[in-house]
Amino acid sequence: MSRLANPNRFQKLSRRVLPWAAGLAGLCLLAGLGLGLFFSPGDYQQGESVRIMYVHVPAAWMALGVYTLIALASGLFLVWKYPLADIVARAAAPLGAGFTLLTLVTGSLWGKPTWGTWWVWDARLTSVLILFFLYLGYIALQNAFDDGARGAKSAAVLALIGFVNVPIIKWSVEWWHTLHQPASVIRLDGPSIHVSMLAPLLLMAAGFAAFFTALLLIRVRSALLARKIRALRLVQAAADPHIRGR
Amino acid sequence: MTRKRRRLVFVLSGLTALGLAALLILSALEENLVFFYSPSDLQTKTIGAEERIRIGGLVEEESLTRSSDGLEVNFRVTDLRTSLAVRYRGLLPDLFREGQGIVAEGHLQADGVFLASEVLAKHDETYMPPEVARALKKSGHWQEDPPEESEAE
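The listed protein sequences correspond, in order, to chains G and F. The first sequence runs 1 to 246 under our numbering. The second sequence runs 1001 to 1153 under our numbering.
Relax, there's no trap hidden among the hints.
From the derived model, a few chain G residues whose C-beta atoms are all more than 10 Å from chain F: (1) Lys12; (2) Gly26; (3) Gly34; (4) Leu84; (5) Leu129; (6) Ala209; (7) Ser222; (8) Ile229.
Pairs of lysine-lysine residues, derived as DSS-like cross-links and limited to a Cα-Cα distance of at most 30 Å, are as follows: (9) F:Lys1137 to G:Lys112; (10) G:Lys153 to F:Lys1004; (11) F:Lys1004 to G:Lys81; (12) G:Lys12 to G:Lys153; (13) G:Lys170 to G:Lys153; (14) G:Lys170 to G:Lys112; (15) G:Lys12 to F:Lys1004; (16) G:Lys170 to F:Lys1045; (17) G:Lys12 to G:Lys228; (18) G:Lys81 to G:Lys228; (19) G:Lys153 to G:Lys228; (20) G:Lys81 to G:Lys153; (21) F:Lys1004 to G:Lys228; (22) G:Lys12 to G:Lys81.
No wet-lab data here; the hints were simulated from the structure. Every residue, glycine too, gets a C-beta built ideally from N, C-alpha and C.
Required output: the full structure, derived from the provided sequences and hints.
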């Protein structure tokens, strides 16, 4: 872990991984969308609106996965003080917020034709909305302090506290009566979804994960470079006789 | 104990305490977190005459009747143990039919009929193409809405 936490080693490794992640994302998303939109059947109950699932479900998985990554990185940052962990969490937050928003919007579009309503305040929908606000609060808190280190620490604590919400989202549909249906794919007795629909769904999920990885690597790389530029400027300013003289 | 170790213990114990607190709060709020009651739940609860609640379950087979103008529907909602008569006037979601899981919002009248002001279809977690559904029904392997049964406990 501490080997990866070295920014220089990370830059070297990420430069090699980035094109593969981007290529995989393009391939999986293209294949998944093609299969999902054109070559998979409609559902016996929902008809064509089942295709919304191919975006909604992977986005929801990413929304939860990215938050878990942020919580993990925040824990590493708080305990071991790896600066890279803070940078990763910071870079992942807007992406996770985007996935959560996509989940909420596509879910609403699916809910209207299927349930007969855009939105209900059931445990699943409400807890995902809370997740969205947690992401926004986390981003806001990071930038609320003039002293960057204090912002990072407070935000990391918030991220860890908010992690309580993740298992609640996952199991809300089993613990309480909700309008939202229980899990179809990740369940003990195997997926309750036909293979002709499971294939595009899994392709899209892989595509979303690769897409996130590529964007995250780009964001972390540029954050590391920006940090380096700041450090170099400070060194330069310190060496400048006009500034030093004052 | 090193500083790192102390911080690790602090973070882990903080998370454990937080998780426990969340668990306690959620179990205390259990009543308010359910989106709907099943007909069996209603038998053990006292509900005010004008109190708005939601009930959920399956539309009982062969219980659906429509009024002559086609706008008012009467049906029974069942959790396979007890059932409840529901009256509703308005547009129904496309998925509404006998055997389908639904959630209705409204209030319980004095005559024991639930007057619904809104009816939502509850989708189950089974996804399959229509041909497969037909084949399953034909071969006798069809299960009517398994999730609702398990949800009714």
